[in-house]
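**Q** Given chain R, put chains A and D in place with the hints provided.
Chains as they are written, first to last, in our numbering: chain R, 770 to 1097; chain A, 2 to 356; chain D, 484 to 1200.
Don't read these hints as lab results, they were simulated from the structure. Hints may be right or wrong, so weigh each one.
Derived pair list, reagent style DSS-like, types lysine-lysine, alpha-carbon separation capped at 27 Å [said to hold, decoys possible]:
| id | chain 1 | residue 1 | chain 2 | residue 2 |
| --- | --- | --- | --- | --- |
| 1 | D | K824 | A | K60 |
| 2 | D | K1098 | A | K60 |
| 3 | D | K995 | D | K1019 |
| 4 | D | K927 | R | K951 |
| 5 | D | K973 | D | K871 |
| 6 | D | K738 | A | K60 |
| 7 | A | K194 | D | K866 |
| 8 | A | K38 | D | K824 |
| 9 | D | K927 | D | K1009 |
Label-pair distances were calculated between CB atoms; the ranges are [as the list claims (entries may be wrong)]:
| id | chain 1 | residue 1 | chain 2 | residue 2 | range |
| --- | --- | --- | --- | --- | --- |
| 10 | D | K1015 | A | D52 | 37 to 45 Å |
| 11 | A | L337 | R | F846 | 51 to 59 Å |
| 12 | R | Q811 | A | T347 | 32 to 40 Å |
If we take Cβ atoms under 8 Å as the criterion, some of the chain R residues that face chain D in the derived model are [what the hints assert, rightly or not]:
| id | residue |
| --- | --- |
| 13 | Y856 |
| 14 | S858 |
| 15 | H861 |
| 16 | S864 |
| 17 | N874 |
| 18 | R947 |
| 19 | P1033 |
| 20 | N1054 |
| 21 | F1065 |
| 22 | L1069 |
These figures come from a predicted structure and were not determined experimentally. Every residue gets a Cβ at the ideal spot worked out from N, C-alpha and C, and that includes glycine.
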Amino acid sequence: MKAQQVKTETALEPLAPPTKNQSFWADNLRQLWANTWSVLKQLFKNPLSASGFIILLGFTLVALLAPWLAPPPERHFNPYMIPQDGYSSTPHPPSVQHPLGTTQNQYDIFYGLIWGTRTAFIIGIIVIFFTLLVGIVIGAVSGYFGGWIDEILMRITEIFLAFPSLVATMVLVTILGRGLDKVMIAFIVFGWMAYARLIRGNVLQAKENTYVEAARAAGANAARILFRHVVPNAIFPVLVVASLDIGTVVLGAAALSFLGIGAPEGYADWGQMINYAHNWILGTNDDKLAYWYTIFFPGLTISLFVLGWNFIGDAFRDIFDPRLRGTR
Amino acid sequence: MLAYIARRLMLLPLILFGVTILIFIMLQFMNPYARLKLYVRSPAELKGGTDQLDRLLVKYGLNDPFWVQYGHWLEQVAQGNLGWSETAKTSVLDAIQNRFPATAELTLYAIVPLVFFAIWMGVAAAVRHNLWADQFLRFITVIGTSLPIFVLGLFLLMICYGLLYRHLPSLFEGWFAPGRLSEWAQAAVRDSKQFNSITGMVTIDAILNGQWRIFWDALGHLILPVVGLSFSGWAYLQRVMRSSMLETLRQDYVTTARAKGLPEKRVIVKHARRNALIPIVTLVGFTVIGLLGGVIITETIFNYPGLGNWTAAAAIQLDIPSVLGYVLFATTLLILINLIVDLLYTVIDPRVRLI
Amino acid sequence: MSRRSHWISLIVLVLLVSLALVSCNQSQKPKDQSQQQQPPSASKETTQQPPPPTGTTDKEKPTTPSAGNEQPQSPEKKQTSEPGKTADNQKSCEASQPVGITPTTPETTAVAGDIKNPDTLITADISDIDSLDPAFVYDTSSGEVLFHTYDNLLAYDGPHPDKFKTMLATTIPSVQNGCIKENPDGSVVISFPIRTGVKFHDGSELTPEDVAYSFQRLLTFDRSGGPSWLLLTPLLGVNSIEDLAKQIEAKATGKNTKDLDFKKLGADSLKQACERVLGAIQVNGDKVEFHLPTPFPPFFAVIAQSASWAAVISKKWAIAQGAWDGNCADWVNYHDPQKEKDPLYDKINGTGPFKLDYWDHKTGDISIVRNDDYWSGPAKLKKVIIKKVNEWSTRKLMLENGEADIATVDRQYIDQVDGMKGVRLIRGQIRMILNYIFMNQAIKAEGNDYIGSGKLDGNGIPPDFFKDVHVRRGFNYVFDWETYIREVQKNEAEQAKGPIPRGVPFYNPEQKTYHLDLKEAETHFKEAWGGKLWDKGFKLTAVYVSGGDDAKSALEIIRRNLQQVNPKFVIEIANVEWSTFLSKSVEGSMPLYLGGWQEDYHDAHNWVFPVMHSKGTYSEHLGIGTQYDDEMASAIKTFDDAKRQQVYNQLQQQAYEDAIAIFMVQPLGRHYQRRWVDGYYYNPIWPGRNFYVMSKKPDAHPNQEYIKELNLEIKEW
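Just chain R, with the same shape it has in the complex (with noise of 0.2 Å):
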């Protein structure tokens, strides 16, 4: 790539073009801040995403602060996997030592789910980060160079897209084998086709811009052109649409565990949690509710974090949803 010699002062909008002196990204990372903070702001007014945010601040609080909230006991390895008091399988209702009990195997609830925090937003964010990539890359590629390489992508893209996306992350998963590193994978390579086509779409209209044609008129090669004048243009409401998306990704990615193929067993993870609560509903002949902190705790925790996510995502959708805009 040819070192700093576009010349663009012609272009003006919606980004500030590069000056001379200034780092080009600086800058668009400026214009990608304000436009987040008009976001966040009028999120921040809405009360229902007001009370995401502090919920999902929490989660963040609770991910980070693991080491402290639920320490693992000495002499344990991997701190992800839950402690186990003793090996009975059945449940011990909470107590001083296991607050909110232990489930099946004497796995620490209180210990699985802070720790599954981490699991969760770890799994979210790798997962967003790696798909948002893929689909920009073949988005943007589609988009820009149009022809015959959008209509192959785009065929691609309808195949990925005509796989029923469970049974799909199902089988890839069981073929490469047990573990959240794979459960990821599953999820990337079958994640990124919404955002690769919302980035095309949006390529396409940036790509009519004026600074775009000046950009190529001064003999900027098609690389430079489409990632940093045409791709930054592009990405703003494709990098609000995916972070809504870290909810569901956990979402999925409990649910593979919740299907006994996800997570390692003992792992700290909330679908898993779950799934060790599956065969304890019924309680004992006494007691019909008698392992009722197994499932309930669990499915708090799960549900709560969706719910965070699903608060800001629906005031989100009422702010700039255009059908929507304007009815609050």
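**A** Relative to chain R, chains A and D alone:
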């Protein structure tokens, strides 16, 4: 429009080809021995030793390069044979035929109340825009979308089996029970002399046969899965209906109607609601697709013998012929539903043209 | 406007219905009715009458009460005593009189009280029926169905795994009665006189040809991963018929068997292989003769009832269904078919006490109904339904409300069933299962991430890490059987005393075993690898298959105890899918992993072979070598029990001294049933339960004589 349909349908084989070959490509990431797990189900069956495993590899052609394997499969499909489903213990075609009616029944029962409730509540919320009813419904729907099926399903089971069963055992003589039918009803349905299976959907067949007891039994078994399946879809649809309704309420013709002095109720029902329904049609299509995905978990939780239950087992056991069969079926269904939605759209909204 | 609204709703409906109709050939009618399925009048009427269970209502008083239940001769008693006696009296290898079929019209067991489905027994199991072809089946769930629908030549006597009684054969062959003949060249001929007057379900009569055909078909069928090797080994000395054909071809052409491809063998070799099979099993008058090249003591155990592969099918019927016709020219076409091409896959025509009713592929349920013409008297139950219910909660509910009479209860969940009203638990059944933790002495190092650095530097282990006997002993001393059995197995298991479990002949109850002793472990670990191990420490990954909670706990116990012995001893526990495990075990890359064995036939040989022989299922991949092969070979080729006992004692002692594995536990069984189920007892060899001896009645109890003899514990609520 015919050209449009033809073009879409012509894409179908291409997509099916792509989807299936994708599965075979994925399989390349797997050690062929690992794929034997479908045929050697537990360590106890490993008795013949490695020789036996090698024989199995040859027998099922798992060592061949993937295009050879794909070629074999394609050849089979060309002869109208989708292969053998080890999970269902029948041919894949039979498995789909056997199970789809059950899933269709579940989906049907889920979607009908779902759509009507969503429309009704969406309208109710829009009309009371920003009043407490609207806020309340909004709250409920957000919570609804936040309860994953597997959490909701287990809660339902716990409440119905754990609490209700204890206190109202008579309720369980046929209601809320797991599975699809009680034992006596299953025996009756199996008896082809007394019961004529026409659609494969038990409730409908029961009505056609005039067997009301079976009908009620089947219905009782459907309640929990239906609730579990439709809950999140309902919430989403309600949201869209609400916003669509809000939009139409601000249209000029609604204002005109009001100005004419028509009663408010009439304005809402006759003028606004009708037009607000348009976007719902597309969404119903998507919801059906969503439900077909949702059945995988719902059927597993409620032990309901449908396509989803089978597919989940097949995917986990890597029963590739079954997975391929299901994917072919589901993909075709998905594309057809999308096509129908597109066509409906042109019918409802003449402004839309398909090119 | 109004028209448009109708349009929309109509379109929505059409959309839904079109979805439903994709698979259904019928068109409009169901749609119309589905939309109006709730006529309010009907709903009121029907909800008021709760759907009653099948069969009789509680008001109906039976006309023939309990007396009627006692009248039909209890067939299991008849079976256990009478045929056995006839066998004893028999001095020559002759067919005895057929057992008279007393034409008892089966009583309709109408019972008072609230017994649900009084003459149908329903079980809720996790079972997954694989096939119904006896030559194909090699798992216990399918085996249980075949157990009730087909008969074998011999059967086990009551609950005893080592006593036989006659079944389709009228005599138990022995050297004394002349049915076993040892030839001077060491070969043996065993002949079974075949019972006459026995009828298949389709009404045709059993002939010796049927018996011979059943076995010949088994040997040529030889599905890969199937049971045929169990008879191929004693009769023809090979593991697979393909090997036999290759050997013949190799002999003729002088080629190496390893270079031959079975699919490209000459027609002549194939034909000869088949002729060898026909020669090994011959019909001689009313007898069927088995020709064994060398003595094979467990032969009866390989063919007696429970061995589903040795079930007798009807030749004529099988051929009519499209199975092999017994001709040597084309047996290859019927050899090792894929399941869908096996003509007997979903059909049954046996001589057993039950007939196949249906096998529902939608639900996985299978139902068998009483064969009223059974030669040993009809069963008491009219019908048995084995339901496949994978969800534990559902199974529990079914047992609780009596919808299921017998339910499978995983050990994890026993606390949930304790105290369930109307349920009886019978526990303490010995099971022919052993669990091991294997230590691989020759780990494949290439691309192996289970052994860390691959060196003895504290961050891994060398591939021959377990070659040092002190390491293996050290590992044995850190396993805590007591905790494992108490907490993980909930006291429903016994420590294994070595490769041979309790209840198997030649088991040595005096055998020394390992026990938890961290001091002792320390001594051995300090001696291992010239002391280097103790200083450097090690790190390895132990593997278990998903779903094995108890397996994980076992490794967890080892992990924690090793940490106590030396904090530098690190084990990581990896959880893999069965598929991964399968490929890794073939590869030989797992250093420490769990395994289990369930016997094929009741003999010590079936137990030492898989874990100690150089070709054993497990030991082949453990680098154990050929050191025990000769001893094993000597013990299986003699009828001399004293000699066999001596060899097996020695093998058990060697297994201990060489610490070839951690012999964990022999799990015990338990059986949950409604209290109205009568006549239960068990035999560890059976693939499952024996419904022939069961019935349902108000004052029901298990077979007390046998329960006492087996020392089982009964709990009732």
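**Q** So, for every hint listed, does it hold in this structure?
**A** Verification of the hints:
Using a Cα cut-off of 27 Å, the hinted pair K824/D and K60/A holds, with the two alpha carbons roughly 13 Å apart. Of the pairs offered as hints, the one joining K1098/D and K60/A holds, with about 22 Å between alpha carbons and a cut-off of 27 Å not exceeded. A hinted pair counts as satisfied when its Cα atoms are at most 27 Å apart, and K995/D with K1019/D does not qualify at roughly 31 Å. The hinted pair formed by K927/D and K951/R meets the criterion: a straight-line CA distance of about 24 Å does not exceed 27 Å.
At most 27 Å may separate the alpha-carbon atoms for a hinted pair to count; K973/D and K871/D meet this at roughly 26 Å. This hinted pair checks out: K738/D and K60/A have alpha carbons roughly 24 Å apart, not beyond 27 Å. Restraint check for K194/A and K866/D: satisfied, since their Cα atoms lie roughly 19 Å apart, inside the 27 Å limit. Note on K38/A and K824/D: the hinted pairing holds, with a Cα-Cα distance of about 20 Å set against a maximum of 27 Å.
Restraint check for K927/D and K1009/D: the C-alpha separation of about 25 Å stays at or below 27 Å, so the hint holds. A hinted range of 37 to 45 Å holds for the C-beta pair K1015/D and D52/A, which are about 39 Å apart. Between L337/A and F846/R the Cβ separation comes to about 52 Å, which falls inside the hinted range of 51 to 59 Å. For the pair Q811/R and T347/A, the beta carbons lie near 36 Å from each other, so the given range of 32 to 40 Å is met.
Look at Y856/R: its Cβ gets to within about 4 Å of chain D, closer than 8 Å, so that hint holds up. About 4 Å separates the beta-carbon of S858/R from the nearest beta-carbon of chain D, less than 8 Å, and the hint is met. For the restraint placing H861/R at the interface with chain D, the shortest Cβ-Cβ distance is roughly 11 Å, beyond the 8 Å limit, so the hint is violated. Interface hint status for S864/R: violated, as the beta-carbon distance to the closest one in chain D is roughly 17 Å, over 8 Å.
Given hint, N874/R at the interface with chain D, holds; its Cβ is 5 Å from that chain's nearest Cβ, closer than 8 Å. A least Cβ separation of about 5 Å between R947/R and chain D falls short of the 8 Å threshold, and the interface hint therefore holds. Below 8 Å, beta-carbon pairs count as interface contacts, and P1033/R has one with chain D at about 4 Å; its hint therefore holds. Given the 8 Å rule on beta carbons, the hint for N1054/R holds: about 4 Å separates it from the nearest Cβ of chain D.
The beta carbon of F1065/R is not positioned within 8 Å of any beta carbon in chain D (closest approach about 16 Å), and the interface hint is therefore violated. Hint on L1069/R is violated. Least Cβ distance to chain D is approximately 20 Å, over the 8 Å limit.
Checked against the numbered hints given earlier, the structure breaks hints 3, 15, 16, 21 and 22 and satisfies all the rest.
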